[in-house]
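S.K.: Residues per chain, in single letters:
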Amino acid sequence: MPEPHPAPLIEVRDLVRRYGQGRLGGHRLTAVNGVSFSVMPAETLGLVGESGSGKSTTGRMLLGLEPLDEGEVFFNGTRISGLSPRAMKPWRRQMQVIFQDPYGALNPRQRVGDFVAEPLRVHKLAPSRSERADRVAALFRQVGLDPAFMHRYPHEFSGGQRQRICIARALALKPAFIVADEPITALDVSIQAQIVNLFQDLSETMGLAYLFISHDLAMIRYLCHRVAVMLRGRIVELAPVETLFDDPRHPYTQSLLRAIPNPDPDHRPPAHPRFDVDAHIPERDMEMVEVSPGHFVLRH
Amino acid sequence: MVEPVLDIRNLTVVFDTPAGTLHAVNDLSYTLMPGETLGIVGESGSGKSVHVLTMLGLLPCPPARIVSGEVLFRGRDLLALSERELCDIRGAEIGMVFQDPMSSLNPVLTIGRQLREVIQRHAGLDHAQASARAVELLGLVGIPDPAARLAQYPHQLSGGMRQRVMIAIGLACDPTLLIADEATTALDVTVQAQVIDLIRDLKNRLGTTIIWITHDMGVVAELADTIQVMYAGRIMERGPIAPVFHQPRSAYSWSLLRSLPSMARHRRLYQIPGSPPNMIHPPPGDPFAPRNPFATPRCHRDVPPLRQVADSVPGHQVAAWYDLPAAVAAHPEIADA
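The listed protein sequences correspond, in order, to chains A and B. Count the first sequence with UniProt numbering and you get residues 1 to 300, in order. Count the second sequence with UniProt numbering and you get residues 1 to 337, in order.
Hints in this document: simulated from the structure, not taken from any laboratory. A quick note: this is a predicted structure, and the numbers were derived from the prediction, not measured. A few of these clues could be false.
[Claimed, not checked] Facing chain A, from chain B, some residues (calculated, C-beta under 10 Å):
1) Gly45
2) Leu53
3) Pro107
4) Thr110
5) Thr184
6) Thr190
7) Val191
8) Asp216
9) Met217
10) Val219
11) Glu222
Ideal Cβ placement from N, Cα and C applies to all residues, glycine included.
Just need the whole structure built from these sequences, with the hints factored in.
M.R.: This is how it looks when you write it as structure tokens:
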């Protein structure tokens, strides 16, 4: 849990990303519209919302994988947005990403050990081949893989094992922060728990902080300390996880929570109330208002 | 005596692959009664999708090969029908909804054309009548302004709307049996909730018999009367939904439920060890035995038959050599792990 008044590890302020303002005059879509939040050291912040709400774009902007039209990103108090790729490089080591599709992230013709070692080579952290092999073996053990698998190719692994390989690579540079974008969505149910437990272990042993992007609200509740809910490019509610689930204030959050399928056949809900997104699109002059300690809601 | 809508007997399906014979569906038998909603859960490789594709004649053979079995739909063996006869049943008496609406809908045909095609093919209505029916169906699945949608193309609709169009097509001819395979998996939870409401409403009003295939235990709990848990091409457990959720008898169902975050608020998630089985070289006995902490020596040797659970409600069946409640009670350290 975060300290009483620690400095944020990550802070983003008023991120804006627009698409389609090209010379061809396509539609202008504001995918991310004034998003601000912070992530404390060793904290897991959940980011939920419907598809197209801007969750993934926010994660990519934070990492510098997507340009910022407006806004700033701070790492440990230092502004890292707007830096040249070269100036950004030392910061990149601190921030890693894990994607939904572990197979798409792997190179089918590269041995998985080389895939995990690549960041070490690029950042010249383990210059000799034998040092790198030792480091990779340690990383394999850390994510629960047999180091003997280092010389195999991606197709020889199951989905869960491939995601472990991606996690091992993300850990290679000893980051402080990981953006996990739907990291378990593509995995079988029996494998999801393995990966989630691994995330928790890494948080405890390495003090890793996460931005956990997911549409699985039950998993968000289980794993996260705080949750931000996005709707049409804006955060509409942000709160400590139990507060959000016990006392949701924004109509969209309320409808999301009611829509979670409950694996208890004795408590079948009556019909789910309809939520009309178009009637609740965040308006320009709305602001985040603190309704209880740490609980913010977008309203007039 | 009410006849079952569907009676699957000893269905075995394999795939001939360069690496060897893959045993996808292994001696599968079950029946489905009129008006029943069967929720089938299982992971990749459980045979849950392959067996429905087989009975609909939608599985390419080769590489698939039906080794044995019968699939009696209202008394007729679907596996013995010609492709032409199957075409008359698919989309009419049996409606289907698959996971990915973007690849199931034809991108260059309007929504109206695709709906009318099914209606005219099976119901013998003319163009105007079919259009009227199409509008009615789109309204039924909760699509706003249905008449205007007929002229639209799939790309003009959101994912949730496309999935509703797929459901409308599945229901176009008032099917006796609706088969939905991960039909809400790609949808946002709020849209999924609306589709669940829609299906429950249809079931109540039309008495449609439903097979709902999913990996989501929550969706099954909200929709199904009967749950069937599949693994490695076999039924591990089957029964009325409440006893299976409250006191599962298969270690696999038990593990799946214990790995759900909603069931484990303040403890570590139960982690099913190992990986799904290699179905080219399946384990010799109970296929879940290598991942089952309660497995007995016999589990590793012999395949257990699916049998009625002695001390549960009628219809609660399990394929297990062990007594799960007793095994869990004897090993609390496993349950708490």
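S.K.: Indicate, hint by hint, whether the structure satisfies it.
M.R.: Now for the hints, and whether the structure bears them out:
Hint on B:Gly45 holds. Least Cβ distance to chain A is approximately 9 Å, under the 10 Å limit. Violation of the interface hint for B:Leu53 is found here, the shortest Cβ-Cβ separation to chain A being roughly 19 Å, above the 10 Å cut-off. Given hint, B:Pro107 at the interface with chain A, is violated; its Cβ is 19 Å from that chain's nearest Cβ, farther than 10 Å. Because the smallest distance between the Cβ of B:Thr110 and any Cβ of chain A comes to about 22 Å, over 10 Å, the interface hint for this residue is violated.
For B:Thr184, the suggested interface contact is upheld, since its CB lies about 9 Å from the closest CB of chain A, less than 10 Å. Hint on B:Thr190 holds. Least Cβ distance to chain A is approximately 5 Å, under the 10 Å limit. Hint status for B:Val191 relative to chain A: holds, with the closest Cβ pair at about 8 Å, below 10 Å. This hint holds: B:Asp216 has a C-beta 6 Å from the nearest C-beta of chain A, less than the 10 Å allowed.
With 10 Å as the threshold, the beta carbon of B:Met217 comes within range of chain A, its nearest partner Cβ sitting at about 4 Å, so the hint holds. The interface hint given for B:Val219 holds, since its Cβ lies 5 Å from the closest Cβ of chain A, which is under the 10 Å cut-off. Below 10 Å, beta-carbon pairs count as interface contacts, and B:Glu222 has one with chain A at about 5 Å; its hint therefore holds.
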